[in-house]
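**Student:** Residue strings, one per chain:
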Amino acid sequence: MSVIVKTVTRLTVGLIFLYGIYIILHGHITPGGGFAGGVIIALSFINLDLAFGGKVSSKIFSKKGTGVVEALGAIMFIALALFGMRYGGFFDNFLHPDGEPGQLVSAGIIPLENIAISLKVAAGLFGIFLALIVLQKFESEKK
Amino acid sequence: MNAYLPYLLCLILFCIGIYAVLSKKNIIKIILGVVIAEYAVNLFLVLVAYKAEGRAAIFSDTQVILPETMVDPLPHALVLTSIVIGLATTAFLIALAIRLYGKYGTFDITRMRELRG
Amino acid sequence: MIELYVLLGLMIAGAIIAIEVKNLLSAVIAVGIVGLGLSIIFILLKAPDVALTQIVVEIAAVILLIRATLHREIALKPCGSRPFGALMGILFLGLAVVGALVTFSDGLNSFGAPLMTVSSFYPLNAVSGTGASNVVASVILDYRAYDTLGEATVLFTAVIGVLTVMRSPGKKKEEDLQDNNE
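Residue numbers (numbering that gives the first Met the number 0), protein chains in the order written: chain C, 0 to 142; chain B, 0 to 116; chain H, 0 to 181.
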């Protein structure tokens, strides 16, 4: 990629990552939530990979690391659901009356569920990108 | 009839997508038809939920918002899930298209019928 | 709501361009424009969560489409259409549109007046029942969390499916191919 793309990516990829984290953490106060935030984080990694080539990004995230993060998100989500079973049923909101509505620490387990969903969606989308792009380079080298 | 015109235009968009799936030979055009049909279905769900002169479904600390003036929040929840599932479906279709190109050398589906000899 | 009709007309024009033009790169960009128009319509219909998710997911889909399929040399022979499929398509889709016009006023609410028989519960009880200010977040993560669990499962299955389809043949199969070639 050209020098302009590399310079702009170097300046803005950290800001895109930070914006994704902001959308996830404020998912119960402002529009957004786990899905949009997870996809934004995955897009920041895809941006890094497309601008600098495969050699730089394979140092940051390998295929095994992506699989571990995705499974971690799923396990966290199901663990939160099963903990609620002690208090009332599957997926019960067991931390509920803990803050004023409208603050960052409020709404029980909803922010924690947002974080779990965002880990899963981000790792899943980046895994799909790795499978479709990195393996394709391997195929064209073979031919 | 004016009250149903957005639904009719949404149905026409869906019909364009399904027509592309039925009648095109290039597999990329078929994938684009599926994507357009999916956009039309999500649009229809959000159109059903709109209330005239309504507000977005978020409460606020600094204003007093009556719950009766909000738009319907339930179809928004269904559409959020549906959009991400649509992305997963599109990615899988693209993976299949790449594998078919690697095996047959073309994207034309009428030439993909030769058995391996 | 004149902006709604203008954007719907833009989306229909973009969709027709996407499926008729011969250059594949132009078709993918036209689908990107359809998605962008859809996101603006979602903002006009007062659905900010959905608009945010739609725009980022559509960017990801266009990136995957361009990067994965148009990177290789494709002989741009003009691919036509299958005549039998086109005829049957026009026939049945015409029947569908006529049938929809007949039954529109039967059960569908008119645009702008939702029925809300089930979902009038959610805005009234969201803040006191869950403590979240965003009613849509409380619906997808507390009242209807099973659907979110199902969506996470579908995404996981799709990732496994893509990794399985794109697997290169293992070492044993490569040895078999070499034996067959010799």
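Source of the hints: derived by calculation from the structure; they are not laboratory data.
Please read these numbers as outputs of a predicted model, since none were measured by experiment.
Some clues are possibly wrong.
[What the hints assert, rightly or not] Heads up, simulated BS3-like pairs for lysine-lysine below, C-alpha to C-alpha not over 25 angstroms straight-line:
| id | chain 1 | residue 1 | chain 2 | residue 2 |
| --- | --- | --- | --- | --- |
| 1 | B | K24 | B | K102 |
| 2 | C | K58 | C | K5 |
| 3 | H | K21 | B | K24 |
| 4 | B | K50 | H | K45 |
| 5 | H | K45 | B | K102 |
| 6 | C | K5 | C | K54 |
| 7 | C | K62 | C | K5 |
**Student:** Take a quick look at whether K62 of chain C and K5 of chain C sit within 25 angstroms of each other, Cα to Cα.
**Tutor:** Holds. K62 of chain C to K5 of chain C sits at ~24 angstroms (cutoff 25 angstroms).
**Student:** Given the hint that K45 of chain H pairs with K102 of chain B, test it: the Cα-Cα distance must not exceed 25 angstroms.
**Tutor:** 47 angstroms, violated
**Student:** Between the alpha carbons of K58 of chain C and K5 of chain C, is the straight-line distance 25 angstroms or under?
**Tutor:** It holds: about 17 angstroms lies between the C-alpha atoms, which stays within 25 angstroms.
**Student:** With the threshold set at 25 angstroms, check whether the alpha-carbon distance from K50 of chain B to K45 of chain H stays at or below it.
**Tutor:** Measuring from Cα to Cα gives roughly 9 angstroms; hence the hint holds.
**Student:** Verify the proposed pairing of K24 of chain B with K102 of chain B, using a straight-line Cα cut of 25 angstroms.
**Tutor:** 17 angstroms, holds
**Student:** For the pair supplied as a hint, K21 of chain H and K24 of chain B, is the alpha-carbon distance within the 25 angstroms limit?
**Tutor:** Holds, at roughly 12 angstroms.
**Student:** Within a Cα-Cα threshold of 25 angstroms, do K5 of chain C and K54 of chain C meet the stated pairing?
**Tutor:** 14 angstroms, holds
When each numbered hint is compared with the structure, a violation occurs for hint 5 only.
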